[in-house]
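Asks: Chains as they are written, first to last, in my numbering: chain A, 1 to 250; chain B, 251 to 738.
None of these hints come from the bench; they were simulated from the model. Think of the CB as a built atom: it goes at the ideal place given N, C-alpha and C, for glycine as much as any other residue. Wrong hints could be hidden among the right ones.
[As the list claims (entries may be wrong)] Below, a list of computed lysine to aspartate or glutamate pairs in the EDC-like style, where the Cα atoms sit at most 16 angstroms apart:
1. K145(A) <-> D399(B)
2. K734(B) <-> E21(A)
3. K268(B) <-> E21(A)
[To be verified] Chain A residues, not near chain B, derived (Cβ > 10 angstroms throughout):
4. K19
5. P36
6. Q103
Chain by chain, the residues run as shown.
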Amino acid sequence: METMNKTAPILEAVNLSKKYEDGMLALNNVSFEVKPGEIFSMLGGNGAGKTTTINIFLNLLEPTSGEAKINGIVTHESPLEAKKNVAFLSENVMLYPEFTALQNIDFFVKLGGKLNYTKSDYQKVLKRVGLQTEAHEKKLKGFSKGMRQKCGIAIAILKDAPAILLDEPTSGLDPKAGHEFVKLLADLRDEGKAILMSTHDIFRAKEISDYVGIMNKGSLVMKKSRAELQGENLEQLYVQFMAGYMDTVA
Amino acid sequence: MFSILIKKELIAILQNPKFITTFAVSSFLIILSVLIGINEYKNNLAQYDTGISLAKSKIEESRSWHSINAIAYRKPDPMQIFVSGVNNDIGRFSNVSRQGEVKLQNSSYSDDPVFAIFRNIDFAFIMTIVLSLFAIMFTYNAVNGEKEDGTLRLLFSNSISRAEFIASKVVGAWLGLVVPLLIPISISFLLIISFDINFRFFDWSRVLTLAFVSITYFTFFIIFGILVSSITKSSSTSFLLLLTFWIITVFIIPRVGVIAAGQIIRIPSHAEIESQLDAFSKDSWKNYTTQLSKTWNERRLQMEGMSESEKAMYEDDNSWGWMQTDDKLRKINEENITDYSRKLFEGYKNNRIELRKLALTLSRFSPASAYQLAAMNMASTDIALKVRYEDAIQLYKEKILSHASQKAETDGDSFGLRISMDSEKGISVEGGRDQNMLDTSELPQFAEPSYTFAQIFEPTIIDISILFILSIACFGLSVYRFSKFDLR
Ligand SMILES: Nc1ncnc2c1ncn2[C@@H]1O[C@H](COP(=O)(O)OP(=O)(O)O)[C@@H](O)[C@H]1O
Ligand SMILES: [Mg+2]
Chain A
1 METMNKTAPI LEAVNLSKKY EDGMLALNNV SFEVKPGEIF SMLGGNGAGK
51 TTTINIFLNL LEPTSGEAKI NGIVTHESPL EAKKNVAFLS ENVMLYPEFT
101 ALQNIDFFVK LGGKLNYTKS DYQKVLKRVG LQTEAHEKKL KGFSKGMRQK
151 CGIAIAILKD APAILLDEPT SGLDPKAGHE FVKLLADLRD EGKAILMSTH
201 DIFRAKEISD YVGIMNKGSL VMKKSRAELQ GENLEQLYVQ FMAGYMDTVA
Chain B
251 MFSILIKKEL IAILQNPKFI TTFAVSSFLI ILSVLIGINE YKNNLAQYDT
301 GISLAKSKIE ESRSWHSINA IAYRKPDPMQ IFVSGVNNDI GRFSNVSRQG
351 EVKLQNSSYS DDPVFAIFRN IDFAFIMTIV LSLFAIMFTY NAVNGEKEDG
401 TLRLLFSNSI SRAEFIASKV VGAWLGLVVP LLIPISISFL LIISFDINFR
451 FFDWSRVLTL AFVSITYFTF FIIFGILVSS ITKSSSTSFL LLLTFWIITV
501 FIIPRVGVIA AGQIIRIPSH AEIESQLDAF SKDSWKNYTT QLSKTWNERR
551 LQMEGMSESE KAMYEDDNSW GWMQTDDKLR KINEENITDY SRKLFEGYKN
601 NRIELRKLAL TLSRFSPASA YQLAAMNMAS TDIALKVRYE DAIQLYKEKI
651 LSHASQKAET DGDSFGLRIS MDSEKGISVE GGRDQNMLDT SELPQFAEPS
701 YTFAQIFEPT IIDISILFIL SIACFGLSVY RFSKFDLR
């Protein structure tokens with residue numbers, strides 16, 4: 001832990017705020033950082049601001065104030081530079097329906113700047129994420145959500161970027177797939193990736209995260225390390241913070 | 251990065267089941283149209299050759315320089331294979347004689363009206379209508395389709411700029427659609443060579459320019475499709491919008507342009523002009539008669555009080571002068587009428603030219619018309635073809651008639667008899683059907699209107715520029731609009 005704290009963060013949110021055009025304050029002064037070899041989980045219900053945060057990191061949205069940095073690069077200032085350092089997996093991975101799994105992977109991985117992989121490299125990773133061999137050459141349009149998710153993870157792994165952003169990656173996966181996914185994520189962390197994951201799955205968050213942040217109505221209301229969470233009941237904490245919020249609203 | 255995006259676009263197009271069908275259909279149509287065009291051109295050429303020899307024998311049969319009767323034939327242009335334009339609408343020949351007006355007659359459509367209904371399906375037609383539709387079919391969902399598929403987010407989680415993305419859409423679609431199109435076009439060129447069509451360097455320059463303009467037109471629709479797909483949210487909306495635009499630009503604006511021009515410049519019909527002329531000449535002749543009877547009255551008054559013999563003498567002395575005066579008056583009157591008629595028809599012609607110009611200007615708002623105008627110019631089957639030919643034939647008529655008059659004076663022309671003087675044989679008078687009555691070998695030949703490449707290219711510049719400017723503007727606009735596109 002000591003040595004880790006000295007290394008520079010890969011992902012950094014600095015007083016991030018986002019107000020949508022309709023006046024909705026989706027993010028309110030959110031700050032956190034994720035260092036190499038860490039998993040940070042944003043825990044929160046629907047509408048908490050998790051996707052908004054990730055969208056700002058990907059420069060799909062401009063922050064109203066504050067900044068998101070990847071590898072020290074402010075995403076809304078140099079988005080192309082910043083995005084070289086990040087892989088992304090969305091809640092519902094969408095790929096080209098008319099392309100095969102391998103065609104999709106080849107395209108997105110090359111787009112991610114990795115030009116030297118061979119087909120067998122792709123197949124190895126697809127095997128690692130658990131996509132059955134028969135599906136490799138099949139068009140995406142027949143794929144289940146779980147299969148698409150596996151392709152998405154394969155792309156993220158192959159892009160081999162220092163940071164990985166995951167937006168509710170396990171939602172909609174069956175328990176077995178969810179478990180396998182968490183194992184994979186642990187491997188990636190051990191390879192030294194900085195991982196930011198949004199989720200509303202308390203158990204998975206506790207199981208794997210180095211830091212957990214609870215988001216509510218656009219604010220990061222709690223942030224605790226794995227050590228701090230030791231012996232605490234995260235579920236209770238979560239409910240407590242939500243309730244606390246409810247109290248202040250009431 | 252850019253090449254990866256383009257490669258993906260290419261794969262998407264080539265893997266699209268629509269692609270093979272549209273490629274097959276458009277190739278088939280283009281090649282078929284060229285084969286039909288070649289066949290028609292050869293027929294036209296044969297018809298032309300027959301016509302020429304017919305006209306020649308007709309001239310040789312002429313018996314008098316005064317009644318010389320020539321026929322000028324419109325020479326088929328090999329470019330009509332690709333762009334028939336007005337070729338079938340205007341006449342194939344005109345009689346050239348002292349009495350008749352120069353007027354092209356017997357168009358293919360007047361011979362066979364059924365073809366007028368279905369028109370000609372030529373290369374330009376296929377480009378205008380079929381390929382523009384295909385361009386739309388492949389691009390209507392280029393951008394919003396990716397948003398609908400949800401692939402935009404993952405795509406833009408990479409180091410891709412928005413402009414790069416739009417450019418890759420344009421270049422990808424261009425390569426995927428235009429390059430295959432070069433195959434049937436090349437086959438058409440091979441057909442031209444293998445069917446032994448007399449294509450000179452001039453014709454090759456024209457047909458290559460035509461191919462260039464066609465590709466520019468096609469490119470416009472590709473870019474326009476991408477523009478619309480980047481400013482609409484759903485692909486069904488963009489498809490409907492594009493289809494509407496396509497109908498308007500291909501079918502409506504070209505016609506509305508002509509109708510609107512007709513409303514703006516009202517020109518009297520040919521019949522109205524003729525009745526105007528008729529009224530004027532009736533009037534002048536009436537004036538002439540009143541004036542004539544007035545002079546006669548004056549003359550009668552001058553003779554009043556004279557005896558019969560004095561009158562006879564006076565008349566004898568003056569009748570020559572009177573005759574000349576009367577004749578002069580008649581001639582002036584005739585000249586007035588000719589003058590008026592010339593002015594009237596010139597004005598009519600100028601009005602028509604103005605109308606045509608305005609109609610063309612208005613219809614140029616449609617890229618389809620701009621393309622068609624450029625194509626017809628390149629093939630010299632444009633609307634002005636008739637005027638160009640009739641002017642050339644008019645010139646020919648003047649030449650031939652002045653030659654005939656000259657010949658009639660030097661060789662003599664006594665209604666089918668030739669009187670020749672020879673120092674040894676003395677005066678001889680020849681005549682009779684079996685003999686070659688007139689030496690027509692020196693008669694001027696009809697010269698078809700001819701143009702240089704620069705001459706036909708010049709009026710095409712505006713249309714090519716319109717297509718270029720529209721394409722670039724659409725590209726710029728889609729890059730601009732996409733910079734504001736919600737990628738989430
Ligand atoms: N384009 C938008 N315009 C206005 N409000 C939005 C927009 N996108 C999201 N929001 C609102 O912002 C809040 C946060 O949304 P989001 O970040 O998607 O939450 P989460 O991913 O945690 O469920 C929600 O209340 C949502 O309704
Ligand atoms: Mg969300």
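Asks: Using Cβ atoms and 10 angstroms as the threshold, tell me whether Q103(A) really stays out of contact range of chain B.
Replies: Contrary to the label, Q103(A) does not stay out of reach of chain B, its closest Cβ about 7 angstroms off (not over 10 angstroms).
Asks: When you check the alpha-carbon spacing of K145(A) and D399(B), does it fall within 16 angstroms?
Replies: holds, 14 angstroms
Asks: Between K268(B) and E21(A), does the CA-CA distance stay at or below 16 angstroms?
Replies: It is violated: about 41 angstroms lies between the C-alpha atoms, which goes past 16 angstroms.
Asks: Would you check the hint for K734(B) and E21(A), treating anything up to 16 angstroms between C-alpha atoms as holding?
Replies: It holds: about 14 angstroms lies between the C-alpha atoms, which stays within 16 angstroms.
Asks: For K19(A), is the shortest CB-to-CB distance to chain B above 10 angstroms, so the non-interface label stands?
Replies: holds, 16 angstroms
Asks: Should the label of P36(A) as a non-interface residue stand, given a Cβ cut-off of 10 angstroms to chain B?
Replies: The assertion about P36(A) holds, with a minimum of 19 angstroms to chain B.
In summary, the numbered hints that this structure violates are 3 and 6.
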